[in-house]
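Read top to bottom, the protein sequences are chains A and B. Using this note's numbering, read the first sequence as starting at 1 and increasing by one per residue. Using this note's numbering, read the second sequence as starting at 1 and increasing by one per residue.
Treat the hints as calculated values from the structure; they're not laboratory data. A quick note: this is a predicted structure, and the numbers were derived from the prediction, not measured. Where a beta carbon is used, it is the ideal one built from N, C-alpha and C, also for glycine. Please note: incorrect hints may appear among the correct ones.
To be clear about the criterion: a stretch of chain B counts as covered by chain A if any three or more of its residues have a C-beta under 8 Å from a C-beta of chain A, and this derived list gives those stretches [claimed, not checked]:
| hint | region |
| --- | --- |
| 1 | 16–28 |
| 2 | 70–81 |
| 3 | 98–107 |
Just a sample of chain A residues kept apart from chain B, beta carbon distances all over 12 Å, derived [what the hints assert, rightly or not]:
| hint | residue |
| --- | --- |
| 4 | GLU161 |
| 5 | ILE165 |
| 6 | VAL172 |
| 7 | ASP181 |
| 8 | GLY182 |
| 9 | GLY187 |
| 10 | LEU191 |
| 11 | GLY202 |
| 12 | GLY206 |
| 13 | THR207 |
| 14 | ARG221 |
| 15 | ARG322 |
| 16 | ALA425 |
| 17 | VAL449 |
| 18 | GLY528 |
Under the rule of at most 30 Å between Cα atoms (straight-line distance), these lysine-lysine pairs were calculated in the DSBU-like manner [unchecked claim]:
| hint | chain 1 | residue 1 | chain 2 | residue 2 |
| --- | --- | --- | --- | --- |
| 19 | B | LYS23 | A | LYS219 |
| 20 | A | LYS185 | B | LYS24 |
| 21 | A | LYS185 | B | LYS23 |
| 22 | B | LYS24 | A | LYS219 |
Listed below, chain by chain, are the residues.
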Amino acid sequence: MAAPDPNAPAVDIAAAMVTAPSTFADWLLILPVAVPLLTGAILVMVRHHTHLHRPLAGAGLAILLGLNLLLLQRVVTEGPVTMMMGGWLPPFGIAFTADVLGATFATTAAFAALVATATAGPSINTAERRYGFYPFLMLLMTGVTGAFLTGDIFNLYVWFEVLLISSFGLLVLGSEKRQIDGTVKYGILNLVATTLFLASVGLLYGTLGTLNMADIAAKARAAGPEAPLVTIAALLTFAFAMKAAAFPLNFWLPASYHTPTPTVSALFAGLLTKVGVYALLKVGVLLLGNQTGAFSSVLVVVAGSTMVIGALGALAGSDLRRILGWLVISGIGSMLIGVAVGTPTALTGSIFYAVQSMLVMTALYLAAGVIEARCGTGDLRRLGGLYAVSPLFAGVVLVLFFAVAGLPPFSGFWPKAILVEATLAADLPWLAAAVLVAGFLQTLAVGRVWLYAFWRGGPEGTPDGTLQLAGIGRIEDPADRIALVGPVVVLAGAVVLMGLVPTVVGGLAEDSARGLIDPAGFTARVLGATAP
Amino acid sequence: METALSVLVGLFLATAFYLMLSKKIIRILLGVAVMGNGVNLLIFTSGRLTRELPPIIATDAYVLPPGAANALPQALILTAIVISFSFFAFLLVLAFRAYQDLGTDDTDAMRFAEPVVDDGPPQGY
């Protein structure tokens, strides 16, 4: 190569770089990732001062929720917001792009995490704090938020890995035998899934020559359902379905989600599988919608069987948190309908379901934590009589159970009604029947749990009509009681509100669905003048 | 050149999946490591293979000369190597700890999280 010529014309920076400085308002896009990352770093630095962890993490999560709300408000009014890292002109460089879908999911995730973390005071002991519960939590939130807000598919892979390694740490925190066992299965299967995701990103780059999501969306729509892209779409769907725990790739979830402390279980159930669903929606509909359509009949079967098998698993279980794990899986089936059917109505239903499921599943795992704290077990054989001891708590749990089963007027009803309407409109009566059958089985499963744990007079062997409440303890410290039960009540309140006023979340879901179906707005915003 | 490397990628992945079908954790982990390397090679192959033309833009041009090496896949692979190495290290320690605590490296015998229950479902409302 020749030495630089001093007489060469000055390089025109504007041909390759964004020269206009970013406004402060644009920083809103990157702050939801930067804040938890910084908080996590600070928490690692002060890891020996465990009394500082809780206020720091609480403040970090509260700021995160505030920022996400601001971002959501901006995205709803202005459309997708984008920012290029390093100032490279798109499609080069790493883009951060928030659309309504990502901002809605990020906001809900931050809310669920903030509320769930309130229970960490009594339920995470000092040893677990020393091992780094709060730093892991903040890094998990960094990964989750990053995955929701990134506009670059390789960057999505990196955020997946960030949240995955933090979730390993959280899962194995107590070093109990069953936690190690659960983490081995969770770790290996999730690592295989992300490696497959990485492989398909490599193939996608080899085929389209770009990693920017908007650019991929534009080029893949132009390409149509042809051989290499359909294979890549199938591989990506496989990888994300594994992360989302869709049948038949679901078995790692009920093997691991019940092993950590209830707070960690609740966070995982609320956030992690939803990241898989989000990736499926984004990649399967927005990016490769044309290509995923080629195997939508397979996805229909996967969605239907995930719903029904999840509900059957819940019906067959006898451990409280493992039953909840199966209910998570059953819900994943409902969220896959959007990807399988691909109409705006179905996507609206799926996104609505995902948002409410984040809150309901977090609340249910926290409620299971309360039950385990009081009774010392989550085994249905040894539970009973909780209604006689605390009828109010029993009522709150019943509300959550109705919400997860999709009974009106709670939050699960509306998305399921939309999904039935959408599947019938798409001429898929069997899928509509699967939604209803799964709902019926879920109702049976949660009714069974409620009858055993709350309604009957005591553990197995208690004669009818008598009460045997000796096994049920109290949470002595009133502050602990508020910290453990309060979040369940707050989330149940949100669930009731969402059921009574479905228009807010429904509207956001409709906006998101519209953005997914027609990528023109998304690509135009990201690629700007360079769009074809 | 691409064809030869594609075949090699296929061999890597086939080995990896064969190893991962084993019941022994250590074989599964070896499979995961081989799979990571296979995928890295796949990214390398899919990003165009050329010889002896480094990706340097001349002062009077805005784009690379045609046929120049592609630097991006190498950046991707570097990221993927760092991540997969750290994951592999974590999983190795986890497997060793599992072997110490659970006394087995056979996945069939690891039933601590999902114990085999003989006494049937709960009965009696």
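Against the structure, the hints:
With a cut-off of 8 Å between beta carbons, the region 16–28 of chain B has 3 residues touching chain A; three or more are needed, and the interface restraint holds. Counting residues of the region 70–81 of chain B whose beta carbon lies closer than 8 Å to any beta carbon of chain A gives 5, which meets the minimum of three for the stated coverage. With 4 residues carrying a beta carbon less than 8 Å from a beta carbon of chain A, the region 98–107 of chain B meets the three-residue requirement, and the given coverage holds. Chain B draws GLU161/A into its interface by the beta-carbon criterion, the shortest separation being 5 Å against a cut-off of 12 Å.
Here ILE165/A does not stay apart from chain B, with its beta-carbon only about 7 Å from theirs, under the 12 Å limit. For VAL172/A, the requirement that its beta carbon stay farther than 12 Å from each beta carbon of chain B is not met, with the minimum near 7 Å. With a least beta-carbon separation of about 4 Å from chain B, ASP181/A fails to lie farther than 12 Å from that chain, contradicting its non-interface assignment. Consistency note on GLY182/A: stated as away from chain B, yet its beta-carbon is not over 12 Å from all of that chain's, at 4 Å minimum.
For GLY187/A, the shortest C-beta to C-beta distance to chain B comes to about 6 Å, within the 12 Å cut-off, and the non-interface label is violated. A cut-off of 12 Å between C-beta atoms contradicts the statement that LEU191/A is not in contact with chain B; the least separation is 6 Å. Non-interface status of GLY202/A relative to chain B is broken: a Cβ of that chain comes within 12 Å, the nearest being about 4 Å off. Against the 12 Å criterion, GLY206/A falls within the reach of chain B, whose nearest CB is about 3 Å from its own CB.
Distance check for THR207/A against chain B: the nearest CB is about 8 Å away, which does not clear 12 Å, and the non-interface claim fails. Listed as a non-interface residue, ARG221/A keeps its Cβ farther than 12 Å from every Cβ of chain B; the least gap is roughly 21 Å. With a minimum CB-CB distance of about 8 Å to chain B, ARG322/A fails to clear the 12 Å threshold, and the non-interface call is violated. With 12 Å as the threshold on Cβ separation, the claim that ALA425/A sits away from chain B holds: the shortest Cβ distance comes to roughly 39 Å.
Taking the minimum C-beta to C-beta distance to chain B, about 10 Å, the non-interface status of VAL449/A is violated against the 12 Å cut. Every beta carbon of chain B lies more than 12 Å from that of GLY528/A, the smallest distance being close to 18 Å; the non-interface claim holds. About 43 Å separates the Cα atoms of LYS23/B and LYS219/A, which puts this hinted pair outside 30 Å; it is violated. With a CA separation close to 12 Å, the supplied pair LYS185/A and LYS24/B stays within the 30 Å bound.
Distance restraint check for LYS185/A and LYS23/B: the Cα-Cα separation of roughly 12 Å lies within the 30 Å cut-off, and the hinted pair is therefore satisfied. A threshold of 30 Å between alpha carbons decides the hint, and for LYS24/B with LYS219/A the separation of about 44 Å lies outside it, so the pair is violated.
The earlier numbered hints that this structure contradicts are 4, 5, 6, 7, 8, 9, 10, 11, 12, 13, 15, 17, 19, 22.
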